[in-house]
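A.B. asks: Listed below, chain by chain, are the residues.
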Amino acid sequence: MIAQAIFSLLLCGVLLYAWAEYRRSPAVASMSVVVSLAGLIFIWVPSLSTGVAEFVGIGRGVDLILYLWVCISLILLLNLHLKLRTQEERITKLARAIAIANTVVPSETVTTLSEVPGRQGASSRPAGAQTSPMRMDDQIV
Amino acid sequence: MRSNEPSTTWVICPAFNEGTTLGRVLGELHGCGYQVLVIDDGSSDATSRIAAASGSTVISHPINLGQGAALKTGIEYALAQGVERVVTFDADGQHRVGDVAGLLAALDREQADFALGSRFLQRSRTMPLLRALLLKAATLFTIATTGLRLTDTHNGLRAFTRRGAAVLRLRQNRMAHASEILADIARSGLRYVEVPVTIDYTEYSLSKGQRAGDFLMVLLDLFAQRLYR
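Those protein sequences? They're chains A and B, same order as listed.
Under this note's numbering, the residues of the first sequence are numbered 184 to 324, in order.
Under this note's numbering, the residues of the second sequence are numbered 2 to 230, in order.
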């Protein structure tokens, strides 16, 4: 009984989290709802998982839950990896914009380079938005 | 004073902690009259200072992003400056400055948008066996995934026209960018040509180069990209 109460509480927490998260990512939220509801059912009707496991040919209900858990973990890992990649791309764009804004132009070529439109002189900082080589719109968006 | 001619071709030199070789490499490039753009990829040594002292344009990444990201920064900046052709050139001293002219000539002669250096079109006496096998595997991988029949898929010495450089997406920050460039070349349908170049394998360039284990990471990166978009 104690274990059932603790796990139910945890899963109710997950349900609350899913509800709060729904607006940001409906897919993840609905998946969490399904998983935690299934978890709640299995906690209170343990024989059910054994029934389902036998139906799909796994044997014990615990094994079924273990396999599902592994699958869910892998999906979450993949999701996390993709999120990290997105994050890395955003950091790259940011770092690139900063780097290009601070371009150091050799002083001896200032006269030739200043003829090129959109290029500021020897200064290592952009003089203003319209003369900056950074092209803020292209970089950030 | 520089004439207008050399500034239409820029040599992009990505450098990460290359202080020991960068000065010599940049000296040779400037000696041949090339306009050089050094991308200091968050180095902790004197790379940036050496590059600026040599008279190169220098862009410094505030943090280390990887060679692919450095190339993209350089290409993006060069295109924004109206450059007609870009050359990519490793900073570790493995390339020969004399080979650059051959690449540029090949672009003109073959009306190509990409000229790719290949170390296998002529004999290299200094290549270690393991490296040769690894590069052979990469060649087969490239034929399988892009259909490009190249003899050398991972050579840092390349020349692109403006049109060619513009189709390169370079979203792989790290070493997988070499395969990504080839995939983009195949996708663009533009003309490419391989040009024989010599790689000087020194203990230094080998220590900075890829190891066999990196190959797995490259595969993983490319696989993740397929899932991603």
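Keep in mind the hints are simulated off the structure, nothing from the lab.
Everything numeric in this text was worked out from a predicted model, so none of it was measured.
It is possible that part of the hints are untrue.
What the hints assert, rightly or not - Reference excerpt, derived from the structure (chain B facing chain A, CB under 8 Å, subset only):
#1 T9
#2 T10
#3 A53
#4 S61
#5 H62
#6 P63
#7 L66
#8 Y78
#9 R172
Think of the CB as a built atom: it goes at the ideal place given N, C-alpha and C, for glycine as much as any other residue.
A.B. asks: Against chain A, run the beta carbon of B/T9 and see if the smallest gap drops under 8 Å.
C.D. replies: Not OK, violated: B/T9 not within 8 Å of chain A, min 11 Å.
A.B. asks: Does B/R172 pass the interface check with chain A, least Cβ-Cβ distance below 8 Å?
C.D. replies: For B/R172, the interface hint holds, since the closest Cβ of chain A sits about 7 Å away, which is under 8 Å.
A.B. asks: Please check whether B/S61 passes as an interface residue: C-beta within 8 Å of a C-beta belonging to chain A.
C.D. replies: holds, 6 Å
A.B. asks: Does B/A53 meet its interface restraint, that is, does its C-beta lie within less than 8 Å of any C-beta in chain A?
C.D. replies: Given a least distance of 5 Å, the restraint on B/A53 holds.
A.B. asks: Could you check if B/Y78 really has its C-beta closer than 8 Å to a C-beta on chain A?
C.D. replies: Holds, because the Cβ-Cβ distance from B/Y78 to chain A comes to roughly 6 Å (cut-off 8 Å).
A.B. asks: Hint validation: B/T10 versus chain A, beta carbon distance must be below 8 Å. Holds or violated?
C.D. replies: violated, 14 Å
A.B. asks: With 8 Å as the cut and Cβ atoms as the points, is B/P63 at the interface with chain A?
C.D. replies: holds, 5 Å
A.B. asks: With a cut-off of 8 Å, does the beta carbon of B/L66 approach a beta carbon of chain A closely enough for the hint to hold?
C.D. replies: holds, 5 Å
A.B. asks: Taking 8 Å as the limit, does the beta-carbon of B/H62 come near enough to a beta-carbon in chain A?
C.D. replies: holds, 5 Å
The structure fails hints 1, 2 (numbered hints given earlier, in ascending order).
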